[in-house]
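> The whole structure should be built from the sequences, with the hints applied where relevant.
Just so we're aligned: 317 in UniProt numbering is position 317 of the sequence shown, and the numbers increase by one with no gaps anywhere.
The hints are simulated quantities; they were obtained by calculation from the structure and are not laboratory data. A hint or two may mislead.
Claimed, not checked - So the derived label-pair ranges between C-beta atoms look like this:
#, residue 1, residue 2, range
1, Pro105, Asn198, 16 to 22 Å
2, Ser147, Arg77, 46 to 52 Å
3, Ala214, Arg151, 30 to 36 Å
4, Glu309, Pro213, 33 to 39 Å
5, Arg70, Ala90, 28 to 34 Å
6, Arg67, Ser216, 41 to 47 Å
What the hints assert, rightly or not - In silico PhoX-like cross-links for lysine-lysine, where the CA-CA straight-line distance does not exceed 25 Å:
#, residue 1, residue 2
7, Lys204, Lys115
8, Lys193, Lys204
9, Lys133, Lys346
10, Lys63, Lys133
11, Lys193, Lys74
12, Lys71, Lys133
13, Lys193, Lys55
14, Lys63, Lys74
15, Lys71, Lys193
16, Lys137, Lys63
17, Lys137, Lys71
18, Lys193, Lys63
19, Lys137, Lys74
20, Lys115, Lys193
21, Lys133, Lys204
22, Lys55, Lys133
23, Lys55, Lys137
24, Lys193, Lys133
25, Lys137, Lys193
26, Lys71, Lys204
We treat Cβ as the ideally placed atom computed from N, Cα and C, and that holds for glycine.
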Amino acid sequence: MDEQTEVADEAPPSGTFSDEIKELEKPVKSPLSKAVETNSNGDVEPPPKRRKLSKQERYIQRKEERRGRRKAMKMRRRERRDAVAASAVAAVGDAPLRAPPPPPPPPRVSMAESKCRTCVVLDCAYDHLMSFKDTCKLAHQISNCYSTNRRLPAPVQLYITGLGSAFKAEEGIEQSTEPREPMEQSTLARLHKVDVQNWDVHLKMEDYRELFPASSIVYLCAESSYELPDTFVSDASATAPPDGAVATTTDNGCGTTDSTVPVFTSDDVYVIGGLVDHNHHQGLCYQQALQRGHRTARLPLERAGVEVEGRRVLALLHVFQALAFVLSGAHPQWHDALRAALPPRKCNQ
Numbered sequence: 001m002d003e004q005t006e007v008a009d010e011a012p013p014s015g016t017f018s019d020e021i022k023e024l025e026k027p028v029k030s031p032l033s034k035a036v037e038t039n040s041n042g043d044v045e046p047p048p049k050r051r052k053l054s055k056q057e058r059y060i061q062r063k064e065e066r067r068g069r070r071k072a073m074k075m076r077r078r079e080r081r082d083a084v085a086a087s088a089v090a091a092v093g094d095a096p097l098r099a100p101p102p103p104p105p106p107p108r109v110s111m112a113e114s115k116c117r118t119c120v121v122l123d124c125a126y127d128h129l130m131s132f133k134d135t136c137k138l139a140h141q142i143s144n145c146y147s148t149n150r151r152l153p154a155p156v157q158l159y160i161t162g163l164g165s166a167f168k169a170e171e172g173i174e175q176s177t178e179p180r181e182p183m184e185q186s187t188l189a190r191l192h193k194v195d196v197q198n199w200d201v202h203l204k205m206e207d208y209r210e211l212f213p214a215s216s217i218v219y220l221c222a223e224s225s226y227e228l229p230d231t232f233v234s235d236a237s238a239t240a241p242p243d244g245a246v247a248t249t250t251d252n253g254c255g256t257t258d259s260t261v262p263v264f265t266s267d268d269v270y271v272i273g274g275l276v277d278h279n280h281h282q283g284l285c286y287q288q289a290l291q292r293g294h295r296t297a298r299l300p301l302e303r304a305g306v307e308v309e310g311r312r313v314l315a316l317l318h319v320f321q322a323l324a325f326v327l328s329g330a331h332p333q334w335h336d337a338l339r340a341a342l343p344p345r346k347c348n349q
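This is the structure in structure tokens:
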């Protein structure tokens, strides 16, 4: 009995090891799980999820970041320029450096005072076919068109039409889609950010067909069979086809052939389609012009000896610049006008 009592006294207390094992086997709870359990008075709730940014918000955020980088780069260039000027002054000594005075800017001519009375229309009736990013690109091109026009010796009569297309879809176009809400995504809203109301330009909410007679409209399309003339004369002196225009029998898009060469004059209204679609709607402007019975024309790239890399569909800015250079007399020859308008990457040297 004494030996059994001693063995029993040496045994560990009942349940000591089992309690420790159970304690070790309990799952370790992370702080996040503890926070989840304690939320809302014991009600289990999932952790909050980060809201995904939309494409437009990401684009605007990246745009602000790019703007900040450009501003910092401009400051660094200014600092380097100031450092070079300071070193030059130190090398010369006390003698001040006098830079030659800049040439006086050319006098600005308003559209009302311009000798060129030819109307050039930027057709902006395609808001419902473009994304927000493409709408921003179109507004930027229109701004550059205006900047080019106001610096010409004889500015053309620039019209920006169809700005109300964001409010309703265009009827009669099979490729049309549902329109967007005309808020910050419309071309007009983007132009208002650069104070378009203060420009020397004709802003119209209406379509160009409501402003000009159909007989005077010429829609510029790369798919057209006719090229613009070397010189633009008025209707009074346009008794014969212009120089460089060759009569060819081609399909006019209506199932018949047409061998008549249209005459393009300075009294006509030249319309450029404002559609930035990256070839998603190929030939849309051309087919639309044929359905409406308008004359069509293209820039004389072949006759001017300018070879274009890739497709011959040019941007709205490049078409306007080339046409405005010829009409205003800044570059009377098509070869010089096209070389000045097209970027080097687009031309085959």
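> Note whether the CB distance of Arg70 and Ala90 lies within 28 to 34 Å or breaks it.
Since Arg70 and Ala90 have Cβ atoms about 31 Å apart, the given range 28 to 34 Å holds.
> Is 41 to 47 Å right for how far apart the beta carbons of Arg67 and Ser216 are?
Once the Cβ atoms are compared, 43 Å apart, the range 41 to 47 Å for Ser216 and Arg67 holds.
> Check the hint pairing Lys193 with Lys63 against an upper bound of 25 Å on the C-alpha distance.
holds, 15 Å
> Check the hint pairing Lys193 with Lys133 against an upper bound of 25 Å on the C-alpha distance.
holds, 15 Å
> Does Lys133 sit within 25 Å of Lys55, going by the straight-line distance between their CA atoms?
Holds, at about 10 Å.
> Honestly, do Glu309 and Pro213 meet the 33 to 39 Å range at C-beta?
holds, 38 Å
> Between Lys115 and Lys193, is the straight-line Cα distance small enough, at 25 Å or below?
Between Lys115 and Lys193 the Cα gap is close to 31 Å, so the pair fails against 25 Å, i.e. violated.
> Lys63 and Lys74 were given as a pair; does the straight-line alpha-carbon distance stay at or below 25 Å?
The given pair, whose Cα atoms are some 16 Å apart, holds under the 25 Å limit.
> Are the Cα atoms of Lys193 and Lys55 separated by 25 Å or less?
Distance ~21 Å between Lys193 and Lys55 Cα, so the pair holds.
> With a cut-off of 25 Å on the C-alpha distance, tell me whether Lys133 and Lys204 pass.
Answer holds: Lys133 to Lys204 is near 23 Å, not above 25 Å.
> Within 25 Å, alpha carbon to alpha carbon, are Lys204 and Lys115?
holds, 23 Å
> Between the beta carbons of Pro105 and Asn198, is the distance compatible with 16 to 22 Å?
holds, 19 Å
Of the hints listed earlier, those the structure fails to meet are numbers 2, 20, 26, in rising order.
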